[in-house]
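Colleague: I would like the entire structure built from these sequences, with the hints used as guidance.
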Amino acid sequence: MPFGPDNYFYDFMETDPAGQRSNYFSFQDKFGKAPNQKKWFEDQFQNVQNRYMGQLGQTVRGGGNPTQAFSGFLDNYFAQGGGADQDWAGMSPSQRGVQDSRFAPSVRWNV
Amino acid sequence: MKYFLIRTTNGTIEVAASDINQAYQLATQWVTANGGGNVLGADPSENGGGGGNAQPVGAVTTPAVGFSRTPGRGATSGATDASPLREQQKTQNFAMGGRLYDLGGNAGSTGLPAGGSASTKFGPVNTEVQKDFQYESYLQGLKNANRNPYGAFGSYLRERYNPTRAAFRFNELLGGSPSLTGLQGFTEQNAQGTGGDINQQALMQFRNLAGAGTQANSFQPSFTQDLRDRLFNAKTGDDGSGLRGDALQLALAGARSKISPYFASQAYNPDRISDDFGEEMYRNTAGGGDQGVDFVNFLKKRFGF
Chain A
0 MPFGPDNYFY DFMETDPAGQ RSNYFSFQDK FGKAPNQKKW FEDQFQNVQN
50 RYMGQLGQTV RGGGNPTQAF SGFLDNYFAQ GGGADQDWAG MSPSQRGVQD
100 SRFAPSVRWN V
Chain B
0 MKYFLIRTTN GTIEVAASDI NQAYQLATQW VTANGGGNVL GADPSENGGG
50 GGNAQPVGAV TTPAVGFSRT PGRGATSGAT DASPLREQQK TQNFAMGGRL
100 YDLGGNAGST GLPAGGSAST KFGPVNTEVQ KDFQYESYLQ GLKNANRNPY
150 GAFGSYLRER YNPTRAAFRF NELLGGSPSL TGLQGFTEQN AQGTGGDINQ
200 QALMQFRNLA GAGTQANSFQ PSFTQDLRDR LFNAKTGDDG SGLRGDALQL
250 ALAGARSKIS PYFASQAYNP DRISDDFGEE MYRNTAGGGD QGVDFVNFLK
300 KRFGF
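Those sequence lines, one after another, are chains A and B. Start counting the first sequence at 0; every next residue gets the next number (numbering that gives the first Met the number 0). Start counting the second sequence at 0; every next residue gets the next number (numbering that gives the first Met the number 0).
To be clear, the hints were calculated from the coordinates, so they are not data collected in a lab. One should not assume that every hint holds.
[Claimed, not checked] Pulled a few chain A residues facing chain B out of the computed Cβ check, cut under 10 Å:
| hint | residue |
| --- | --- |
| 1 | T14 |
| 2 | S21 |
| 3 | S25 |
| 4 | F26 |
Note that the coordinates shown come from a computational prediction; the quantities given were computed from them, not determined experimentally. Note that beta-carbon positions come from the ideal geometry of N, C-alpha and C, so glycine has one too.
Modeller: Structure below.
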């Protein structure tokens, strides 16, 4: 049964600061296997939460009802090809901690 | 499927059911079919254990040895008597600066049936006793559902006391059949997650409440004119702060089913709403005559219901 409003802890995971952290880190097995990637997503809670609140704000400013739940937002974010994948893929190799010099050796001039 | 031993005035019966509420329903049907009587409660030591001699759904056996057939305290004490402890609880302000809120122990407000009871590890607890120990009943309900109010996320579980009690109270006043298990059983059911979407239910209850203000016959006998007045015609100095606090809890929970729970928790500040209503009461009184203010309508407008 998918996690939703029927769960007694749903409100906690949606509204309580600790619950929201718990909600976010419940996806930790999708943070990636590489240490750099895992560490990066561990640090992203605040950014992801801000993006969620920004989305609610956009809805309100657009005249709509902010119905999106944090749980649903996280489901989408960590879905395959979702925001998490895009965020990680959109970073430069150096931001991802990849040493590209290993694959592209510096140019040598033979004179 | 679980197996429950349900104590009735006609003896203890064994019922196979999906949950305790269905077990109570089946037990009530059985009692009615067997000459009438009361369902007293469930035996805690055996229930849900899946005993080897259990019967199919709806089947019953009688009687089991060793269970009391004595009706609970509520069978002899009226539902409206006010004990000193209950009065003491009424005056204990609980959050919101004591404006709208108390522990909600208004005598006779829940309309619980005489003789109804729920069970604890220590034995059955009569619903009348639960009225005197509402918070303790709530904690016990959590524990019966294997939710530890002092374990992980325990503070959240304890904070859910107010909305749970509010939902229970209006369930009693508006919901139809009175509860046989009291706040404890109601809490247990909800905490197990078998009660459905609690916020959606709160919204429906609030709408029922709003309807009860205009449709005179739509409420239960226990929802007396006096209680209605406190919600729909609030006047200075009346004793309706607890009831109104519970109505506000319903509205707050209902809002979480209409919009993002997080947004609702941030957008609706109960202290602010309480203060604003106080100011409306003040204006009403200062304006020449205590005409009364419709609190439910105030909430409807405030929450956009």
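Colleague: Confirm or reject each hint.
Modeller: The hints, checked one at a time:
Taken as an interface hint, T14/A checks out: its beta carbon lies about 4 Å from the nearest beta carbon of chain B, inside 10 Å. At a threshold of 10 Å, the smallest CB-CB gap from S21/A to chain B is about 8 Å, leaving the interface hint in force. Given the 10 Å rule on beta carbons, the hint for S25/A is violated: about 13 Å separates it from the nearest Cβ of chain B. Among the interface hints, the one on F26/A is violated; its C-beta lies about 17 Å from the nearest C-beta in chain B, farther than the 10 Å criterion.
Checked against the numbered hints listed earlier, the structure breaks hints 3, 4; every other hint is satisfied.
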